Amino acid sequence: MQEKPLTMSNLAWRNIERRPFRSCCLIIVIMLFSATLFGGSVLMKNLSLGISGMADRLGADILIVPYGYEKNLEVALLRGEPSSFYLKADLVDKLKDIKGISAVSPQLFIASLGASCCSSKVQLIGFDQQSDFVIKPWLQTELTRPLTDNEVVVGSKITSQVGDEIIFFNHPFKIVAKMDSTGMGFDTSVFMTLQAAHNLMQEAGLVAGDVDHFADYASSIFIKVDSDYEPKNIVNQIMPRYAVDYNIDFVMTKGMLTSIAKWLTSFSTLVYSLSAIFWILAVIVIFVIFSATLNERKREISLLRIMGASRKMLVNMLLRESLIISALGGIAGIVIAGVLLYAFSILICRSIGLPCVNIGLADTFYYASVVFVLTLIIGPLASIYSALSITKFDTYSTLREGE
Amino acid sequence: MAIMNIDNNNTNHHNINNNNTNKTHILEVKDVSKIYGSLHALSDVNLTVEEGRWLSIMGPSGSGKTTLMNIIGCMDTPTCGSVHLDGQDITRLSLSELTKIRRDKIGLIFQQFHLVPYLTALENVMVAQYYHSMVDEKEALQALDRVGLAARAKHLPRQLSGGEQQRVCIARALINYPKLILADEPTGNLDEANEEMIMKLLHQLHEEGSTIIVVTHSPEVSQHAQTTVVLEYGKVARVVNNHID
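Quick note, the sequences are listed as chains E and S, same order.
Its first residue numbered 1, the first sequence is counted upward by one per residue in our numbering.
Its first residue numbered 1001, the second sequence is counted upward by one per residue in our numbering.
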């Protein structure tokens, strides 16, 4: 019958075990800190990755939209919130003459009605297969032939699979390909030929008036700028020539991210402030509880002192006790935040309304380590005063108190 | 029973020993006083105890029994005078040095047992080993066996009777082979049957050569000792030889 070896940590652990309520409360307070800091940090990193890589993932440097629809385009691209807006597509041919543009491709956005694939409206995007440089790089498997007007490619978060049929505006489409995760609104969009999109516009009566010219419409024109040129200079060339005639505006993909970056800064301030508050709260609570149990533990400490425990040994035992509590709270917080992030990452990103990309294992481990170290400091820091003062009193008279 | 009255002269030195032996002195208390403000808890106490003796210290409440025990047990230091334990002057040692002496040379038995509530009987014995040197479970179990509690080794203090808890306390006091066993009212919380059992154990230890000092207010417990030192008002009032030698 082998007893568990008696060690300093074991003694500290026994103390934690025999006060389950107190220990659980302390662990929960510490857990709040570690979960907030770890969860918040990983989420911020996910968002940051999602945003910082977006310009590259989008592939375009300048987006041309109808005047006043910049925000609509942003939300469509970032969050996949369906939107419909139009400009005349003949601008595409005119832009080809401008020096410094390496690629131009129009896209037509249609906000669908409820479709069989989706629980909510999705963004339908008609793209020009010949000039496209945005959609093709994201296809999971390369299409061996061009899309027909009855076929679609779906974003990674659309639940329907390749081979399924999907209906928009009473028109059935066959899914022939699925895209990789882009971390953008593309993940919840459905892509079809420009012609198919034009047909849907016509059938759905989305543009009033000159119905004969549906084929001349696009929602946005994606421009890739030659690496030797600045996107700003290209805009300066286009603007005086076509801005008024076509009633257009420009969205610089990098500029579009500035506002998001600002929001992210506010979010990170909130997360770090909350973490700091929880950290201080944890230190205060542990300090108060450890100090409050000073009297309760006087006899126990006196007894150990009388049995030969040095002051250093007892301080060590008390600090270990708080260290174990910190470690348990830290691990619990990191695990809980990790599980929640993993299980609800899509939902969280959607509710925040920003693209996010899950960080890698190495980054996750790095954040977990930093948070864990910060958590480990809490217990010993908060209990050092109590630990030092609890060993100062007169041992035997304390032990005999009340006899 | 013959009683030897000692002159209540503060300068007298009370030798608690066999007349015909050359045993070394385990304890020498010389002119020890302990003063708290205006209170003289001990005044010029002198005692010498030979190795292997059983001494009891008696006296009413406030007579200075506990103060003397604290000083002998390295839990306090005298205001003046000197105390030598096993040849070492413990009078002016630091707290950590006193802790080391207490750990190495003294086995303490308490009235209230004072077991660590969240450790089993066996662990309570092992914890004394732990703070002394190293844990040896087999030896701890043997110590419990010696006090008849091997079968209760896995029990927590609350699962043991008062007598059993005191026996664990004795096993714990013995585990590090102390030079001196210091018992403070060891039967004060026990019924008659358990008191008898504990005294039997102390007799066994004494027969095996242990030096025992029992602090008690009970004349019955005191009579088991070879010598009784009676304290009154912080002074040695008399030394009584119980003729058990």
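Simulated from the structure, these hints should not be mistaken for lab results.
Hints may be right or wrong, so weigh each one.
Claimed, not checked - Below, simulated EDC-like cross-link-like pairs (lysine to aspartate or glutamate); rule was C-alpha separation at most 20 Å, straight line:
#, chain 1, residue 1, chain 2, residue 2
1, E, Lys121, E, Glu203
2, E, Lys298, S, Asp1076
3, E, Lys178, E, Asp149
4, E, Lys88, E, Asp245
5, E, Lys312, S, Asp1089
6, E, Lys312, S, Asp1076
7, S, Lys1030, S, Asp1136
8, S, Lys1179, S, Asp1044
9, E, Lys312, S, Asp1104
10, S, Lys1154, E, Glu17
11, E, Lys262, E, Glu70
12, E, Lys99, E, Glu230
13, E, Lys224, E, Asp128
14, S, Lys1100, E, Asp228
15, S, Lys1235, S, Glu1097
16, E, Lys298, E, Glu17
17, E, Lys224, E, Glu203
18, E, Lys178, E, Asp128
Stated by the list, open to error - Covered stretches of chain E, as calculated for chain S (at least 3 residues, CB under 8 Å):
#, region
19, 126–136
20, 270–279
Unchecked claim - The following label-pair restraints were derived from C-beta to C-beta distances:
#, chain 1, residue 1, chain 2, residue 2, range
21, E, Trp13, S, Tyr1233, 28 to 34 Å
22, S, Gln1142, E, Leu281, 38 to 44 Å
23, S, Gly1037, E, Leu274, 51 to 57 Å
24, S, Glu1097, E, Asn295, 24 to 30 Å
25, S, Ser1133, E, Thr269, 41 to 47 Å
26, S, Gly1037, E, Asn295, 21 to 27 Å
27, S, Lys1138, E, Trp13, 20 to 26 Å
28, S, Asp1104, E, Ser9, 21 to 27 Å
Please read all numbers here as calculations on a predicted model, not as lab measurements.
Note that the Cβ used here is the ideal one computed from N, Cα and C, for glycine as well.
Against the structure, the hints:
no., hint, in the structure
1, E:Lys121 x E:Glu203, "17 Å, holds"
2, E:Lys298 x S:Asp1076, "17 Å, holds"
3, E:Lys178 x E:Asp149, "16 Å, holds"
4, E:Lys88 x E:Asp245, "10 Å, holds"
5, E:Lys312 x S:Asp1089, "24 Å, violated"
6, E:Lys312 x S:Asp1076, "19 Å, holds"
7, S:Lys1030 x S:Asp1136, "38 Å, violated"
8, S:Lys1179 x S:Asp1044, "25 Å, violated"
9, E:Lys312 x S:Asp1104, "17 Å, holds"
10, S:Lys1154 x E:Glu17, "17 Å, holds"
11, E:Lys262 x E:Glu70, "18 Å, holds"
12, E:Lys99 x E:Glu230, "11 Å, holds"
13, E:Lys224 x E:Asp128, "15 Å, holds"
14, S:Lys1100 x E:Asp228, "80 Å, violated"
15, S:Lys1235 x S:Glu1097, "27 Å, violated"
16, E:Lys298 x E:Glu17, "18 Å, holds"
17, E:Lys224 x E:Glu203, "32 Å, violated"
18, E:Lys178 x E:Asp128, "17 Å, holds"
19, 126–136, "violated (count 0)"
20, 270–279, "violated (count 0)"
21, E:Trp13 x S:Tyr1233: 28 to 34 Å, "48 Å, violated"
22, S:Gln1142 x E:Leu281: 38 to 44 Å, "50 Å, violated"
23, S:Gly1037 x E:Leu274: 51 to 57 Å, "54 Å, holds"
24, S:Glu1097 x E:Asn295: 24 to 30 Å, "28 Å, holds"
25, S:Ser1133 x E:Thr269: 41 to 47 Å, "55 Å, violated"
26, S:Gly1037 x E:Asn295: 21 to 27 Å, "24 Å, holds"
27, S:Lys1138 x E:Trp13: 20 to 26 Å, "23 Å, holds"
28, S:Asp1104 x E:Ser9: 21 to 27 Å, "25 Å, holds"
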